[in-house]
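> Here are the chains, one letter per residue:
There are 2 protein chains.
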Amino acid sequence: MELLKARILKDGKALDGNIIKVDSFLNHQIDPYLLDEIGKEFYELFRSGNVTKVLTIESSGIAIGVFAAKYLGVPLVFAKKTMSLNIDDNVYTSVVHSYTKKTLYDVKVSKDYLTESDNILIVDDFLANGQAALGLVNIVKEAGARLEGIGIVIEKGFQDGGRLLRSMGIRVESLAIISQMKNGEIFF
Amino acid sequence: MELLKARILKDGKALDGNIIKVDSFLNHQIDPYLLDEIGKEFYELFRSGNVTKVLTIESSGIAIGVFAAKYLGVPLVFAKKTMSLNIDDNVYTSVVHSYTKKTLYDVKVSKDYLTESDNILIVDDFLANGQAALGLVNIVKEAGARLEGIGIVIEKGFQDGGRLLRSMGIRVESLAIISQMKNGEIFF
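Heads up: the sequence lines are chains A and B, in that order.
Residue 152 is where the first sequence starts when you use our numbering, and the numbers rise one by one after that.
Residue 152 is where the second sequence starts when you use our numbering, and the numbers rise one by one after that.
This is chain A alone, in the form it adopts within the complex (with noise of 0.2 Å):
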């Protein structure tokens, strides 16, 4: 996707570790025209294929999640990365490793959101070691619904998320795929 990839250029930072920053418009400042936009992409890529919901995680996930959904005419469910008081014991869960945060988490989502009939589009902001999306997947099959595919914004192609998801047969669209990050570049 030619705009995500020159806002990338012209307002992303690479960091060391390979951190990508792009807080300036995707993760905690939002530009909703360009998530309008990535929504409306994630509705080209997948209206064929009869989604029934789009599954995505707190929180960034959220603001690419609801615009697909929207476009693609189905409610967004998001899962939450802790327990919350007002939801019931009625979860399906699953646990997330993030390389990041250095730390585990569990995923969740309430059984009453997802059932064995859903065909699910699962969105996320990042694609790296494919962690959070697995934590998802497990949750879709847990559920014992249908996975269409994922849909990616930022994929680090020299990260191993991608090829595992691929591999194991899922259909993987990323919007944009970073090849390599060296001396504060970005290459797609």
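Among the clues, some could well be false.
Note that the list lumps identical chains together, so a pair holds whenever it fits in one copy or between two copies.
Computed list of lysine to aspartate or glutamate pairs in EDC-like fashion (alpha-carbon distance at most 20 Å, straight line) [what the hints assert, rightly or not]: (1) Lys262 - Asp162; (2) Lys259 - Asp240; (3) Lys252 - Asp240; (4) Lys161 - Glu209.
These aren't lab readings, by the way, just hints derived from the structure by calculation.
Position chain B against the provided structure of chain A, taking the given hints into account.
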């Protein structure tokens, strides 16, 4: 907002302890059409105010804020509840007491995304005790920015938050104000 009130009556659940559960369309599963309409409503209410940014708090404020921001033609900034490794120490911080989760948490916004030239619209899904909103108000003050007002989706009119914020001279617009919850029934 009649569309919202009708949806609350249809799908909201009044639970013990004055908890209203709107997980099925507002803060776990999300109806993007309703949220789009809510964003439009906040735009109508605050369009004359020269808002430069919408500010909300993760996670359930994000989907609301991104539509409001889109209609207002400005960025959305969402405050984070914990320190992420990807944000530097260059942050505004406020401490919030969560009655629901019975805990204290830090709310943080990068100094890069709030400045004294900003005019801020705060939005959130709920207003009850007003602690989360107050945390955001404090961050706006800390940044030296102007506060245009606060847009709330559901206010619990029988709790103190609305009175507290309005007594500070803040313009608070709630799209649905619940006056009472009794025997599982919701009254506006």
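> Decide, hint by hint, whether the structure agrees.
Quick rundown of the hints versus the structure:
Proximity of Lys262 to Asp162 under the C-alpha cut-off of 20 Å is restricted to the inter-copy arrangement: shortest distance 16 Å between copies versus 39 Å within a copy. In this assembly of identical chains, Lys259 and Asp240 lie within 20 Å of each other by CA distance solely inside one copy; the values are 10 Å within and 30 Å between copies. For the homomeric pair Lys252 and Asp240, the shortest alpha-carbon distance between copies (16 Å) is at most 20 Å, but the shortest distance inside one copy (26 Å) is not. In this assembly of identical chains, Lys161 and Glu209 lie within 20 Å of each other by CA distance neither inside one copy nor across copies; the values are 26 Å within and 26 Å between.
The structure shown violates just one earlier hint, number 4.
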